[in-house]
Amino acid sequence: MTAWISALASFVAVFAFAAAPERPAPTTRHATRGVGALTAFAFDTTRSTANGVYTRQQADAGRDLFALACQSCHAPLQHSGPPFMGKWRGRSVADLFTYLRREMPQTDPGTMTNDEYANLTAYILRINAMPPGNVPLSTDSLTLHRIRIDTLP
53 MTAWISALAS FVAVFAFAAA PERPAPTTRH ATRGVGALTA FAFDTTRSTA NGVYTRQQAD
113 AGRDLFALAC QSCHAPLQHS GPPFMGKWRG RSVADLFTYL RREMPQTDPG TMTNDEYANL
173 TAYILRINAM PPGNVPLSTD SLTLHRIRID TLP
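Mapping to the working numbering: the sequence shown position 60 is 112, numbers consecutive.
To be clear, the hints were calculated from the coordinates, so they are not data collected in a lab. Don't take each hint at face value.
Quick list of in silico lysine to any residue cross-link-like pairs, SDA-like style, CA-CA up to 25 angstroms [as the list claims (entries may be wrong)]:
hint	residue 1	residue 2
1	139	162
2	139	99
3	139	159
4	139	128
Computed Cβ-Cβ distance ranges for the label pairs, DEER-style [what the hints assert, rightly or not]:
hint	residue 1	residue 2	range
5	126	167	14 to 24 angstroms
6	186	159	28 to 38 angstroms
7	204	163	17 to 27 angstroms
8	167	128	13 to 23 angstroms
9	130	160	24 to 34 angstroms
10	103	159	18 to 28 angstroms
11	193	142	26 to 36 angstroms
12	124	103	30 to 40 angstroms
13	151	124	17 to 27 angstroms
14	158	186	17 to 27 angstroms
15	129	183	15 to 25 angstroms
16	183	160	10 to 20 angstroms
17	142	195	16 to 26 angstroms
In this text, all values refer to a predicted model and were calculated from it rather than measured experimentally. Don't be surprised by glycine CBs; every beta carbon is placed ideally from N, CA and C.
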């Protein structure tokens, strides 16, 4: 009886291993940043911010919101050009969106709506010369993880 149970357990273990979906191993770069498990799988697509991932209306709303809620502590130039790209290039838009949502505004983080954080994200992309598109930037985490922050070609 013991041999039969052992054989059954081996079969179940082999079957479970064979049926498990294959996943790419997380990269050290993302694992060490503590960004989350999803980031390890974020770059399975070629979509990038150079493809127009937000609308002009979102960026305009983000500019207005930045002036009201952010400009007392931050200048737009602090979030553009080489300093911005040095920190964010190659990371997902979800990383930026999540950072804004968790850390800003500095005096009361997380108090804006997801749409407001998407608008701020769109504005930051625009001041970094990322082109607008026809579809609004999503607030869905999985969708945002599939968009890489990139420079224009």
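*Quick one: which hint numbers does this structure break? Sort them smallest to largest.*
7, 9, 10, 11, 14, 16
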